[in-house]
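Engineer: One letter stands for each residue in the lines below.
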Amino acid sequence: MKLLEFTRVAWRSLRANKLRSLLTALGMIIGVAAVTALVSVGQGAGATITDQIQAMGAHVIFVRPNPREGGVFTLAEAEEIMERVPTIEAATPSLSFRSPVEYRGTSHDTQIEGVTADYARIREITVAIGRFLNADESSRRTRVAVLGPTVASEVFGTVNPLGETISIRGQPFTVVGVTSSRGAAMGQDQDDVVYIPILAGQRLQGTTRIDVIYARARSADDARSAVAHLTAIYQRRFPRPEAVNIMSQDELLATMGEVTQTLSLLLGAIAGISLLVGGIGIMNIMLVSVSERTREIGIRKALGARRRDIRTQFLLEAVLLSLSGGVLGIGLGWLLSVLVSSLAGWRAVLSPAVILIAFGFAVAVGLFFGVYPARQASLLEPVEALRHD
Amino acid sequence: MVFRLEGVSKLYAMGRRVTVAALREVDLTIPRGQFLAIMGPSGSGKSTLMHILGCLDRPSNGTYFLDGEDLTTKGDDSLADFRNCRMGFVFQSFNLLPRLDAIENVEVPLVYRGVQGRERRRRAERALARVGLADRLHHLPSELSGGEQQRVAIARSLVGEPSVIFADEPTGNLDTATGREVVGLFEESWRQGITVVVVTHEETLARHAERVVRLRDGRIVADELIPQRGEDE
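Protein chains in written order, with this note's numbering: chain V, 776 to 1164; chain R, 151 to 383.
Check the hints yourself; a few may be wrong.
Unchecked claim - Computed, partial: chain V to chain R, Cβ under 10 angstroms: (1) 781; (2) 1074; (3) 1158.
Claimed, not checked - Over 10 angstroms on every C-beta distance to chain R, these chain V residues come out as not near it, computed from the model: (4) 788; (5) 898; (6) 905; (7) 906; (8) 911; (9) 935; (10) 999; (11) 1020; (12) 1042; (13) 1078; (14) 1113; (15) 1125; (16) 1147.
To be clear, the hints were calculated from the coordinates, so they are not data collected in a lab.
Keep in mind the model is a prediction, meaning the values are calculated, not measured.
Beta carbons are placed, not taken as given, at the ideal position from N, Cα and C, and that holds for glycine.
Go ahead and model the full structure; you've got the sequences and the hints to work with.
Structural biologist: Here it is in structure tokens:
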């Protein structure tokens, strides 16, 4: 219960020097706010990137030929993957290009993706109205299209697009569905897209090539072995190793996870320096306080305060300073991180761990930098202290 | 409580070579319940003597027995406990804590003793009532006159029910009338069986004591018992 009394005394002496206490706490506020904000911005960025990678579809493998290195794929390669790599359960070729889409005088420039029916399953695309391309349509050159919601609203407005005919490079395409919104990824609107059968796409582009194969494995393990398998196949076929680029979503996820983790730690560490500076400020002011209150210490000692009592008293004062700075700092840091996240379009993440760590750091800084002044105070001889004016 | 000093010296190092002796081989025994005045010109070592008796300072040489216990072997915390539980202090400059009001000042020794809130407050109120300040409980020291401040200090010295009160020039900053009131409070405590040790250079104050010890240059030069006036005075 002495502790309660000491806390009251500490609080009172902090209040007696309001401006000084506030300025000292400000050092901590800035430090803790910086740590909280930077770490949670880092985590928010990481979470956002992870979300986006996950939205690519689970266990997806991207097989991308690089024509400049001699890598050229046609539909045959997509079929070959299904035949030769048993760990892959589905694969779809894709050819994409930009083109205007026209409907009754409205024109909208968008991304055209030539794909097959499996694409929806592999990339985890759901349909809001109508349906996705079916297997029959994608194995032929049928002129049907599935619109992304952005295209649907840009071109049709409030009109129901199902059954309507749009024109792509002069060719009529019947709309059979509109996909659900997927939001933006890497700064790109994923809903600004029109899906058509791959054969129809190749015809529009006048090519037999494809840009990429999206393949899907059953598990992360399967994806790993599929990547190894595919690498072996293409190494034998193409003289240059860069001819085909193979990347799995699981790998990407792991790499990005590491990167953002490191980034968060780095940001936190940089911010930690400002905490250190705040701590030095506390130590400085506590030393001033001890020398100002030498007489008070003498009186208290004469009246029976033990060394420990005096030490606890001053330590509490330092911790109270850093703690109140810490609480305000967490609030400020949270505000900052919300602000930054909303400006950057990230998810704001304020994990309890960050709060706990920032809080713990504040207390630790107070203790660490408070110990020395408190010890100085407790070591004063009562007579010496009483003689002091 | 019986105090016994044997061959106590206190030396201060002034610079590298020079040592100044504030006390030189002082022998002094104070029996239980005595009203003792320590007198002497300034620099005679009377305050140093009181500080050593009050466990605020340690002797450089010699031994100090309190109720037969050798205090020179005790640690700082034991001395703090002695001061807290068995001694009361009154200083010339009052030494109240400026941010605490009267009753909180009086409570301080009880805080260190671990006496809890309500009981602590009750005892502090009683001590303040005893010195006639029942109506000044929540005044800050700056709102009190010198005499009132010294009475708060006396209440603080009495609140722990000590066996001895040490007073260092307690009337030094007070006018004569107020000083007389303060001395009256000491006499009252003494009549209740508390040992009172007063350091002073005022003969008028010393006249109230039973015994006067005079110091000069750190030595006891006179030790006289004052013939007591009648109790019915």
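Engineer: Run every hint past the structure and note whether it holds.
Structural biologist: Status of the hints after comparison with the structure:
1. The interface hint given for residue 781/V holds, since its Cβ lies 8 angstroms from the closest Cβ of chain R, which is under the 10 angstroms cut-off.
2. At a threshold of 10 angstroms, the smallest CB-CB gap from residue 1074/V to chain R is about 5 angstroms, leaving the interface hint in force.
3. Interface restraint check for residue 1158/V: the shortest CB-CB distance to chain R comes to about 4 angstroms, inside 10 angstroms, so the restraint holds.
4. Not every beta carbon of chain R lies more than 10 angstroms from that of residue 788/V, the smallest distance being close to 7 angstroms; the non-interface claim is violated.
5. With a least beta-carbon separation of about 69 angstroms from chain R, residue 898/V lies farther than 10 angstroms from that chain, consistent with its non-interface assignment.
6. Every CB of chain R lies more than 10 angstroms from the CB of residue 905/V, the least distance being 76 angstroms, so the non-interface label holds.
7. No beta-carbon of chain R is positioned within 10 angstroms of the beta-carbon of residue 906/V; the least distance is around 76 angstroms.
8. Its beta-carbon lying about 86 angstroms from the closest one in chain R, residue 911/V satisfies the requirement of being farther than 10 angstroms from that chain.
9. Separation of residue 935/V from chain R is adequate, the least Cβ-Cβ distance of about 76 angstroms exceeding the 10 angstroms criterion.
10. Every Cβ of chain R is farther than 10 angstroms from the Cβ of residue 999/V; the closest lies at roughly 66 angstroms, confirming the non-interface assignment.
11. Separation of residue 1020/V from chain R is adequate, the least Cβ-Cβ distance of about 73 angstroms exceeding the 10 angstroms criterion.
12. Residue placement check: residue 1042/V keeps its beta carbon more than 10 angstroms from all beta carbons of chain R (closest about 42 angstroms).
13. For residue 1078/V, the requirement that its beta carbon stay farther than 10 angstroms from each beta carbon of chain R is not met, with the minimum near 5 angstroms.
14. Every CB of chain R lies more than 10 angstroms from the CB of residue 1113/V, the least distance being 40 angstroms, so the non-interface label holds.
15. With a cut of 10 angstroms on Cβ distances, residue 1125/V stays outside the contact zone with chain R, its closest approach being about 39 angstroms.
16. Annotated as non-interface, residue 1147/V keeps its C-beta farther than 10 angstroms from every C-beta of chain R; the closest such distance is 19 angstroms.
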